[in-house]
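S.K.: Modelling step: build the complete structure from the supplied sequences, incorporating the hints.
Residue-level listing of the chains:
2 protein chains.
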Amino acid sequence: METVSVNKAHGGVQGVYRHDSAATGTSMTFAAFVPDHEPGARLPVLWFLSGLTCTHANVMEKGEFRAACAEHGIILIAPDTSPRGDDVPDDATYDFGKGAGFYVDATEAPWSANFRMRSYIEDELPALVAAEFPADMARQGITGHSMGGHGALTIGLRNPDRFRSVSAFAPIVSPLHCPWGEKALTGYLGQDRTTWRKYDACALIEDGARVPEILVDQGDADQFLSDQLKPELLSDACRTAGIDLTLRMQPGYDHSYYFISTFMPDHVAWHAERLA
Amino acid sequence: METVSVNKAHGGVQGVYRHDSAATGTSMTFAAFVPDHEPGARLPVLWFLSGLTCTHANVMEKGEFRAACAEHGIILIAPDTSPRGDDVPDDATYDFGKGAGFYVDATEAPWSANFRMRSYIEDELPALVAAEFPADMARQGITGHSMGGHGALTIGLRNPDRFRSVSAFAPIVSPLHCPWGEKALTGYLGQDRTTWRKYDACALIEDGARVPEILVDQGDADQFLSDQLKPELLSDACRTAGIDLTLRMQPGYDHSYYFISTFMPDHVAWHAERLA
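Chains as they are written, first to last, in numbering that gives the first Met the number 0: chain A, 0 to 275; chain B, 0 to 275.
Keep in mind the hints are simulated off the structure, nothing from the lab.
You can take every hint at face value.
No distinction is drawn between identical chains; accordingly, a pair holds when it is met within one copy or between any pair of copies.
Below, computed lysine-lysine pairings styled on DSS-like, alpha-carbon distance capped at 27 Å:
(1) K7 - K229
(2) K61 - K229
(3) K97 - K182
M.R.: Right, dumping it as structure tokens:
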């Protein structure tokens with residue numbers, strides 16, 4: 000693991016790191032904030048998965064999470080949203096290819112060679128974080144925004160033993176039922192929609208996946224609310240399954256980091272309580 | 000005044016606005032955060048002047064001021080650092096020309112036609128803010144970073160009746176005594192260094208300018224500390240003049256927004272106390 004940059008911030012260290020990923024076959028970059036801590040201490044870890052077009056840098060620069068992470072003594076890890084590099088296949092649109100990995104292991108050519116973000120986030124990067132940072136991997140939470148909210152929900156639902164807490168900001172709750180999801184999962188996984196179900200939070204719940212509770216913040220002025228995000232589908236699935244969903248519709252907020260940063264301290268505190 | 004964008008954030012509105020400036024002869028863009036407030040209320044105003052290479056957007060995205068401004072009920076105005084546009088003269092280097100206005104009224108050709116940032120910040124933009132926002136112009140404070148810290152100190156010192164509170168992050172305290180300042184002021188004002196003194200915080204103090212107190216945060220790992228920033232010159236000037244300078248050397252912090260955002264809540268609270 001190579002250190003790209005480190006900056007002292009809010010008493011801790013905001014770092015950017017690069018490593019060669021076996022999962023994606025590329026170099027991968029991620030951001031990690033480690034608060035000030037006692038020597039030898041092991042801190043809980045909150046994962047933040049980012050949305051379409053983002054890298055590790057967007058939330059690092061605009062997320063306003065460091066004050067809260069410092070207050071609660073939580074490490075925040077912000078991975079990239081896809082493999083990168085000249086040899087990685089891409090698509091001219093913003094919602095497929097680079098910057099749009101959708102946290103799946105692609106099975107369709109040419110994507111399957113590199114677009115293995117599920118394995119990267121679920122297996123490879125946690126092992127690296129455990130080895131390189133003062134992280135207590137028995138205390139992990141996960142959150143994310145939009146496509147990254149989809150990632151947080153699906154990875155959280157598939158791994159309830161790993162994550163004690165799952166939240167999301169304006170998540171895509173069902174790729175099976177929105178244009179972004181249909182385009183991306185057709186491309187990465189093919190036409191057989193049964194293979195998509197493990198990458199769809201609502202379908203995972205319908206198929207038996209369980210977490211005790213979920214926190215979601217959603218702006219009611221979000222331009223993607225009705226055609227892409229559809230939080231009511233998650234509400235229905237959680238109600239049927241008996242999952243305690245707290246869905247907060249936030250009046251006047253849109254899909255931007257101005258929305259995320261406003262409610263970030265709430266999410267960090269909510270995770271901190273569950274990771275204590 | 001034209002609205003470029005508005006986003007709800009921390010209960011208030013983060014806006015970006017554009018207007019035709021008589022001072023610079025160009026279109027100018029600035030950011031304004033207006034917290035939630037009672038109808039008819041007039042809020043104190045904190046000006047944030049940005050550093051070299053910045054626009055209005057850097058602090059807006061990375062400054063982490065909104066939570067504190069919402070808590071204290073303060074408007075924050077973030078102007079651009081120079082005139083912009085294809086017709087505006089420029090220089091190939093980062094520390095002169097566009098993005099490097101140094102908050103002076105240039106007297107040398109070709110800069111004097113547009114680089115009139117002193118008049119813009121001191122006269123034109125305040126009038127616009129007073130007219131367009133719920134601002135109590137009797138309660139203004141000013142701060143800034145690096146070149147913008149120079150701007151905040153010099154504008155604050157020249158206008159003690161307008162600003163009740165003056166602070167800075169890692170400011171250039173004496174353009175007369177650093178390479179950035181010597182280059183820029185030679186270009187904008189010419190070889191006669193006596194004309195520079197009204198744009199030099201230390202010289203202004205030596206020449207009799209007074210404010211009751213100044214707060215400065217400065218990282219001790221700042222890469223520009225010893226050759227450009229030289230806070231000891233401000234300490235010496237304030238000590239001689241009897242100005243109450245609080246200079247906090249922050250261990251391990253650099254010149255970046257990771258430093259600024261860490262201490263931003265302190266500065267907002269400090270100004271709020273003085274603008275109450």
